[in-house]
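Chemist: Respectively, the protein sequence lines represent chains L and Y.
FYI, the numbering for the first sequence is 16 to 335, going by our numbering.
FYI, the numbering for the second sequence is 97 to 299, going by our numbering.
Hints are computed from structural coordinates only; laboratory data are not their basis.
It should be emphasised that the depicted structure is a prediction, and the values quoted were computed from it without experimental measurement.
Please note that the accuracy of each hint is not assured.
In silico BS3-like pairs for lysine-lysine, Cα to Cα no more than 30 Å straight-line [claimed, not checked]:
1. Lys-148(Y) with Lys-315(L)
2. Lys-148(Y) with Lys-125(L)
3. Lys-224(Y) with Lys-129(L)
4. Lys-125(L) with Lys-105(Y)
5. Lys-148(Y) with Lys-129(L)
6. Lys-256(L) with Lys-105(Y)
7. Lys-295(Y) with Lys-129(L)
8. Lys-125(L) with Lys-103(Y)
9. Lys-218(L) with Lys-37(L)
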Amino acid sequence: LSEAQTIAVEVVGIEQVTPLIKHFKLAPVDGGALPVFSGGSHIIVVMQGAERVHRNPYSLLGSPQQLDTYEIGVRRMEESRGGSHFMHDTVKLGSRLEIAHPVNLFGLDKIARKHVLIAGGIGITPFLGQLEDLHDGGVPYELHYSVRSSEHAAFLDRLRRREGERLHMYYDGEGQFIPFETLLATQPLGTHAYVCGPAGMIKHVIATAQSCGWPDSHIHWEQFSAPPVGDAFEVFLARAKISVHVPPDQSLLESIEAAGVEVPYLCRGGVCGFCHTRVLELDGELLHNDHFLSEAERAKAKSIMPCVSRAHCKRLVLDL
Amino acid sequence: MLVTGIKSKPVYAPLQADTRGRYHLMLGMGVGAAPLLRVIAEMRVAAAQSLKNTRVLFVPDAGAAGEIAQFKAAAVGDVRAFAGTPALLEQFRAILGESLMGTRLYVAGPENFIGLVMKIALEFNLNKDEIRAEECGTLARRVYCIHCRTTTENVRTNIVRCDDCERWLLVRDHYSRRLAAYMGVMVDAEAPGELPPLKEVFL
């Protein structure tokens, strides 16, 4: 993906839906319709910050049938590297942003006999789009949504209105927890489970489903990792023949982009595998933070996902 | 002439117990008893408690009652014998309708039997990681006439006359999971009456 393929949008709606989550509506500056997408898709929002460019993935939570605006929900992260703070503090009605075309890494299984959707906190966002696809589908589904308390339950009115009894709410501040074991042990054959939320929740759902005998092909999850901070290091790009400094609070991908070299990417969250880059030389170790490479691939140390992964090394040469 | 190297031709592997599953459903026919009994023995060693959640649906060869006795002796949860494939498939469909996630399927028998089982499993959205199949017994094929859409059963020869339209069909390796049949394509369309020699190839 390159900047040439982005779409200029204007912020035409902002609503503070919970103390931490803002709901934005984005309309194309040139008018007309935005690209078609399917439920579960995300876009990359490109933000021109004061010191750097932020590119964050956000799920589209509007109806795939409504293409005059895109809707996203942004949670203010405590340890933001700048993107979510920029969206919360700097972006106003009328602000201009660039977005990349939608990509779906969290689509519904088209021949499932039932869908079980499990959301924790801001993890509700990809499901809002998916639910739009499910309303008319004729396939049974249920949504289990866990939040701290009612004031943190983003989009609850909309969900109550549209989902009725298919919505199951859990307020963990009041000691209510999703009964994962019972839920996953009693689903009819051909059910698919989808989970989006905090890392611990995703891990727990996967482990519980597996212990209930679920095969991996029926378990789906999405978690965009923010690139973790780390020690600064240097990288040499073999084809561009330049050396790039990666500071502690900037990702490898961002640093390479800032040096003027384009790397293909889709999710910027360690999920899609699109920015897969070959490691040509390494003196030290790779710090993998992605959800894409297998243990075997990590052990080989021949590839890296620069969107979220870093290195602790004396020398690193990439095939870029 | 058979057209080999077709990717859709199913590949089978020896059955192995998958103890990650919670429920185990075994379907077999004739010589398929041996692989299923082997899996049951594996399970007894690896996870004996799985046996009570194991069901066997089986079509014995005519006159053979020994296998059913062996399954019953193996103390699996439920063993049922059927006179033929259609009755077994009907029961299989009913069981899948009530089954829960966590079910693993084991199929052992001739390919045409496996294919018919898989066709129903597909309707219930069972994926590859929930099904294991071992081919044993006859290689006779179900052949789908791509011209009149009739399926001719128990085909053992390289070319076959369609049961319905009577065209001579070349039996290809091109397989449809949805139809549980190999594709049959008119063999003398360009030179009517010119047929390759008839050979028994699927024994």
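Chemist: Taking the hints in turn, state whether each one holds.
Modeler: Right, here's what the structure says about each hint:
1. Lys-148(Y) with Lys-315(L): violated (43 Å)
2. Lys-148(Y) with Lys-125(L): violated (33 Å)
3. Lys-224(Y) with Lys-129(L): holds (18 Å)
4. Lys-125(L) with Lys-105(Y): OK: Lys-125(L) and Lys-105(Y) at ~24 Å, within 30 Å.
5. Lys-148(Y) with Lys-129(L): Given that 30 Å is the threshold and the Cα spacing comes to 27 Å, the pair holds.
6. Lys-256(L) with Lys-105(Y): violated (48 Å)
7. Lys-295(Y) with Lys-129(L): It is violated: about 47 Å lies between the C-alpha atoms, which goes past 30 Å.
8. Lys-125(L) with Lys-103(Y): holds (23 Å)
9. Lys-218(L) with Lys-37(L): holds (27 Å)
Checked against the numbered hints listed earlier, the structure breaks hints 1, 2, 6 and 7; every other hint is satisfied.
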